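Peer 1: Please model the entire structure based on the sequences and the hints provided.
Basically the numbering used here = 1-based index in the sequence shown + 19.
Just so you know, these hints were derived from the structure itself, not from any lab. Given the structure is predicted, the values throughout are model-derived calculations rather than measurements. It is possible that part of the hints are untrue.
Here are the simulated DSS-like pairs of lysine-lysine, each with C-alpha atoms no more than 25 Å apart in a straight line [unchecked claim]:
(1) Lys200 <-> Lys296
(2) Lys59 <-> Lys166
(3) Lys296 <-> Lys59
(4) Lys59 <-> Lys72
(5) Lys89 <-> Lys59
(6) Lys72 <-> Lys327
(7) Lys200 <-> Lys173
(8) Lys327 <-> Lys268
(9) Lys89 <-> Lys200
(10) Lys89 <-> Lys173
(11) Lys72 <-> Lys200
(12) Lys72 <-> Lys166
Quick list of the computed label-pair ranges, beta carbon to beta carbon [to be verified]:
(13) Val239 <-> Arg259: 40 to 50 Å
(14) Glu75 <-> His255: 23 to 33 Å
(15) Glu336 <-> Glu223: 46 to 56 Å
C-beta atoms are modelled at their ideal positions from N, C-alpha and C, and glycine is treated no differently.
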Amino acid sequence: MPGLQRRPVASAVLSQTETNVTVRQEDNKIDYSSVKTTKKLLYTWNEIPDWQKDNELILGSYVRETNSIKECCRSLFYLHNESVNIYTHFLPSMCFLLTFLFDTFVIPTYETTTWIDYMVIDIFFLGAFCCLILSSTFHCFKCHSHKVAIFGNKLDYLGIIVLIVSSMTSILYYGFYDNGKLFYSFNLITLIFGVACAVVSLDETFRTREWRSYRAGLFVAFGLSAILPVMAGIVHYGFRETCTRIQLKWVSLEGFLYIFGAFLYGARFPERVAPGKFDVWGHSHQLFHVLVVIAALCHLTALLESYKIVHIYLRLEASPRM
20 MPGLQRRPVA SAVLSQTETN VTVRQEDNKI DYSSVKTTKK LLYTWNEIPD
70 WQKDNELILG SYVRETNSIK ECCRSLFYLH NESVNIYTHF LPSMCFLLTF
120 LFDTFVIPTY ETTTWIDYMV IDIFFLGAFC CLILSSTFHC FKCHSHKVAI
170 FGNKLDYLGI IVLIVSSMTS ILYYGFYDNG KLFYSFNLIT LIFGVACAVV
220 SLDETFRTRE WRSYRAGLFV AFGLSAILPV MAGIVHYGFR ETCTRIQLKW
270 VSLEGFLYIF GAFLYGARFP ERVAPGKFDV WGHSHQLFHV LVVIAALCHL
320 TALLESYKIV HIYLRLEASP RM
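Peer 2: Next comes the structure, spelled out in C-alpha cells:
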C-alpha cells in the first residue's frame with residue numbers, strides 16, 4: 020500500500036561453517052549479547068596441517084593447531100587421540116612426585132639407613148617424575164604450533180634420558196655398595212652417555228636427517244651399556260649374588276617392557292591392522308606409555324628390594340661373631 024514502509028525483521032538466524040549464531044536486529048542495530056558460538060573440536064587426518072601428521076594410521080580425533088595455550092589446556096577436558104597419552108603419564112608423574120615429597124612413608128627404615136639412601140632413591144623418584152611430566156606436557160601442548168611441538172619433543176627426549184640415568188645410578192649404587200671403584204666407573208659411563216644423548220637430542224645440528232642413524236646408534240649404545248655393569252658384577256660377585264644385588268629378574272623385566280613398548284611404537288601396532296579403530300583408545304603410542312609406567316614400577320620394586328638386601332648385609336656384617 021502507498022505510504023507503508025517495510026519494517027526491519029525482528030530476528031534473524033545466521034549460520035557459518037563452524038559457527039551457529041543467533042542475533043536480534045531491532046531498529047537496524049544488532050544485539051550480540053545472546054550470541055552463542057560452537058567450534059569444531061576434532062579433525063581428521065586430511066584436515067590437519069602437514070607438520071602435525073605423524074601416524075597416517077590414526078585417521079581422526081585430532082586437535083588441530085591452536086596457537087593458543089588456553090585452547091591446549093582446554094583440550095584436557097574433552098576426549099581426543101592424545102588424551103590417553105597425556106593422562107597415562109601425568110597421573111603417574113604426580114604419584115612419583117608425592118612419593119618423593121613423602122619418601123619416609125614409602126622407603127622402609129633400617130638401623131643402618133642414612134640420608135644417602137634417601138637421596139639415591141629420591142634421585143629415581145625425581146627422574147621418573149621428570150620423564151613423565153615432560154612427556155604429558157609435550158602431548159598436551161604439541162597441538163599449539165610447529166615451533167612449540169619441536170621444543171616439546173626435545174624436552175620429551177630429555178626426560179627419557181633423565182629417567183635412564185637416574186634409574187641406572189640408583190641401582191648401581193646398591194649393586195656395588197661395597198665397591199666404590201666399580202660404582203663410580205660405571206656411573207661415569209652412564210653420565211657420559213646421558214650427556215651425549217642430551218646433546219644430540221637438543222642441538223639442531225644433530226637433529227637433521229643426516230644425523231638420524233647416528234642418533235639412533237647412540238641411544239642403542241646407551242641402552243646396551245647397562246649390560247656392562249651386569250657382566251662386571253657376574254665376574255666380581257658371581258651370577259647368583261649379582262642377580263640378588265640388583266634384582267636382575269625385575270631389571271630384566273623392566274628392560275623387556277621398554278624394548279617391547281618401543282617395538283609396538285615403531286611397528287605401529289595395533290592400528291596397523293585396523294586403521295581408524297584405535298584412534299582414541301589403544302593405539303601403539305598409548306601402549307608404549309603404559310608399558311613405560313609399568314617398567315618404572317618394576318625398577319622401583321628392584322630398587323627397594325636391593326636397598327633392603329644391602330642393609331641386611333650391613334646388619335650381618337655389624338653383628339658380633341661368635
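Peer 1: Given the hint that Lys59 pairs with Lys166, does the C-alpha gap stay at or below 25 Å?
Peer 2: holds (23 Å)
Peer 1: For the pair supplied as a hint, Lys59 and Lys72, confirm whether the alpha-carbon distance does not exceed 25 Å.
Peer 2: Within the cut-off at roughly 19 Å; holds.
Peer 1: Holds or violated: Lys200 with Lys173, Cα cutoff 25 Å?
Peer 2: violated (34 Å)
Peer 1: Quick check: does the Cβ-Cβ distance between Glu75 and His255 fall within 23 to 33 Å?
Peer 2: With Cβ atoms ~50 Å apart, the hint is violated.
Peer 1: Please verify whether Lys89 and Lys173 have alpha carbons no more than 25 Å apart.
Peer 2: Holds, because 22 Å separates the two Cα atoms, which is no more than 25 Å.
Peer 1: Are the Cα atoms of Lys89 and Lys200 separated by 25 Å or less?
Peer 2: Cα-Cα ~51 Å, so violated.
Peer 1: Decide if the proposed pair is consistent with the structure: Lys72 and Lys200, CA atoms, cutoff 25 Å inclusive.
Peer 2: Distance of about 49 Å is beyond 25 Å: violated.
Peer 1: Holds or violated: Lys89 and Lys59, Cα atoms, limit 25 Å.
Peer 2: Holds, because 16 Å separates the two Cα atoms, which is no more than 25 Å.
Peer 1: Taking only the CA atoms, is the gap from Lys200 to Lys296 under or equal to 25 Å?
Peer 2: violated (53 Å)
Peer 1: CA of Lys72 to CA of Lys327, is that 25 Å or under?
Peer 2: violated (48 Å)
Peer 1: Below or equal to 25 Å on CA atoms is what counts here, so check Lys296 against Lys59.
Peer 2: Judged against 25 Å, a Cα distance of about 21 Å means the pair holds.
Peer 1: Is the gap between the beta carbons of Glu336 and Glu223 within 46 to 56 Å?
Peer 2: holds (52 Å)
Violation of the numbered hints given earlier is confined to hints 1, 6, 7, 9, 11, 13, 14; the remaining hints are satisfied by the structure.
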